[in-house]
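Colleague: Protein sequences, first through last, are from chains E and L.
Under the numbering used here, the first residue of the first sequence carries the number 247, and numbering increases by one thereafter.
Under the numbering used here, the first residue of the second sequence carries the number -16, and numbering increases by one thereafter.
Bear in mind the hints are in silico, worked out from the structure with no lab data behind them.
Yeah, the Cβ is synthetic: ideal placement off N, Cα and C, and Gly gets one too.
Treat each hint with caution, since some may be false.
[Stated by the list, open to error] Listed below are several chain L residues computed to face chain E (Cβ distance under 7 Å; list not exhaustive): (1) K62; (2) D82; (3) D130; (4) K134; (5) L135; (6) E137; (7) I207; (8) F212; (9) G215; (10) Y218; (11) G219; (12) A222; (13) A226; (14) A229; (15) F237.
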Amino acid sequence: MWHLYLPIAGNSVNIVLIFIMGGFVGLLSGIFGVGGGFLMTPLLIMIGIPPTVAAASDSNQIVGASTSGTLAHYRLGNVDFKMGIILLVGGVLGGTMGVQLIKVLRHMGNADFLIQITYVIMLGFVGIYMFIESLQGLRGVQTAAVPQKESGYARFVKHLPWQMQFEKSGIELSILMPLILGVFVGVLAAIMGVGGGFIMVPVMVYLLRMPMHVVVGTSLFQILFTCINVTIMQANTNHTVDFVLALILLIGSTLGAQFGAKISRRLKGDQLKIILASLVLLVMVKMLFGLLLKPEILLSYIGGH
Amino acid sequence: MTRNICIIAIVCAIVGPVGLGLTLGGAQAATNMRVAMHPEKIQMGAGYDGAQVLLTGKVPADARALVRVVGPAEHSRLKEKGRALGVLWMNMGSVEITDAPNVFLLYLPGKGEDIPGAGGVPEAGLQGLRKQVKIVAEDADTDALFDEFVKLKEKSGLYGTFADAIQYGPAEGDLKPFKATLALPASLPQGSYAVQVLVVANGAVTASDDLVLEAHEVGLPSWISTFAFNHGTLYGIFAVVVALIAGLLTGIIFRGEGGAH
Chain E
247 MWHLYLPIAG NSVNIVLIFI MGGFVGLLSG IFGVGGGFLM TPLLIMIGIP PTVAAASDSN
307 QIVGASTSGT LAHYRLGNVD FKMGIILLVG GVLGGTMGVQ LIKVLRHMGN ADFLIQITYV
367 IMLGFVGIYM FIESLQGLRG VQTAAVPQKE SGYARFVKHL PWQMQFEKSG IELSILMPLI
427 LGVFVGVLAA IMGVGGGFIM VPVMVYLLRM PMHVVVGTSL FQILFTCINV TIMQANTNHT
487 VDFVLALILL IGSTLGAQFG AKISRRLKGD QLKIILASLV LLVMVKMLFG LLLKPEILLS
547 YIGGH
Chain L
-16 MTRNICIIAI VCAIVGPVGL GLTLGGAQAA TNMRVAMHPE KIQMGAGYDG AQVLLTGKVP
44 ADARALVRVV GPAEHSRLKE KGRALGVLWM NMGSVEITDA PNVFLLYLPG KGEDIPGAGG
104 VPEAGLQGLR KQVKIVAEDA DTDALFDEFV KLKEKSGLYG TFADAIQYGP AEGDLKPFKA
164 TLALPASLPQ GSYAVQVLVV ANGAVTASDD LVLEAHEVGL PSWISTFAFN HGTLYGIFAV
224 VVALIAGLLT GIIFRGEGGA H
C-alpha cells in the first residue's frame, strides 16, 4: 500500500524508501552545500529507476532542496549573492562549453572513459587534499604554515585587474577569479553530469579563500539556478523528469536540508571539511572499484551511466 | 460456456495483427482449449505495482500447458563493457539488437529445476528466442552477448521464467482443466502483449492459443505522461515551480516553529 506507480520512470516505488533517501541526501546538502547529485543518482538507479530519469528527476529535486537550504543560510547571513552571481555566470558559460566538448568526445567514441576518469581523479584529488588539510586544522598544526605558503598564489591574485570587495565573505578579489573558476567548474560539471557543488565548495574554500560557512550558503544559491536550468532542459529535450518522484524526494530533502543547515552552524569548519572529504573519498573509492572490478552485466543501454 | 467461446472468437480476431513473428514451428492452431483471461486489461493507475493475470482453460489430459507473455519487437542500442589498458572496465563496443521482444515472460507448471530447459521445451524459451534475435556487434561472440542482454532484461523484470505458475485440476475425460497465474512486473511498459498458451505433449508443442493483453496508464500517471511528453517545456517549468514552492514552504514552516537564532 506504500507503493506508487511513476509513469515517467515506468516503475513503482516504495514511497517511504524514497522519502528516507530524500531526507538523507537533503541533510548532507544542508550541512555541506553540495547538491547531493553524486549520491542520489546512484541510489535511485539501485532501486530500479532508469539512469537518465534518475539524473533528471534528481536535478528537479535539488531545486527544492537548495531553495530551502539557501533560505535557511540566507537567514543565518551566509549567502554571498555577489560572489554567487559571478560564479553562476562563469558556470553557465563553462557548462555550455562542457556540453559541446562532450558532444565532440562522444563522436570520437571515448566520452565515458573520460567522464569516469575525471570523476575518480577530481574526487580523489579534492578528497585527499581536504582531508589532510582539515586534519591538520583539527590538530592545530596549520596556524604557522599558512602565512608562508600564501605568498606566491596570493601575490598573483592581488595583481589581477578589476579587484572587487566581497563584503559578505570579507575578502577582496579580482572579478576574474570567480568568473574563471566558475567556467572551470561549469566545464567539469557538464562533463560529469552533476550540479558541481562538490567541486565548487573546495574551489571557494581553497582558491577563493572564502570562509566555510559563507561557502555553503553561496554554493547552494548557485546550485539552485544550475538545477533550474538543467530540469527545464531535460524536460524539454529528453522527457526524463519524473515530477512525482522529485516531489517525494524533495519533501524528504527539504526537511533534511533544514536540519542540515542547523547542524552545519554547530559544527566547526574543519569538522565539516573532514566529513565532506571522507564522503567524497568514499564515492571515489566506489567509482574506482566500478572501473576495476568485472561488472555483473557487460551490456548497458546507451544514454545513462 | 458460450461466453468463453465468444471471448475466444473476439480474441482471435484481435490477435491476427499482433502475431509478432514468434510462432512456433509445427504448432497448430487451438481448437478446444477454451482459455479465459482475467483481467483482460491492465490499468496502470497511481497504485499500480505489477499485476496478476489469471488464465483458465483445458488441455488434453496427457499434455501440459506453458504460457508466454511476449511484447512487441524492439531495437536496442547498447554498449559492451570491455577492459581498457588491461585493468579498467569501460564501455568499449557498440551492440545493436533487433527483433527481440521488449517483454518475454515464460510461465511453467513445473518446479525451479525446469527453468533452464524451459520446462522440457527449450524452443519455447530463451533458446528459441535466440534464433530469432539479430545481434550486430564488433564482438563476434553473439551468444555471449545474448546472455548478457537477457541478464540486463531480467534485472529490470522484463524477461523471466517462472516455475510453479500453472496448476492442473482433476482430468475430466480427455481433458484436464488448468489455471495459470501470471505475475507481471511493475516495470511493464504500456502496450499490447500476446499471451500465448502452448500445449506440450512428448516434448513438442502440439497446439497453441493466443490472447491479447492490453496494459495502459490511467488516472494520474496517464495525465503526467501526457503532460510531460506533449508539453515538455511547460512541464519542466511546472516541475521547477512546484519544487521552488515546496522548498520555500518548508523554509517558512521551519521558521514558524522557531528555531532560527
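Colleague: Hint by hint, which ones does this structure get wrong, listed from lowest number up?
Modeller: Failing hints, ascending: 2, 3, 6.
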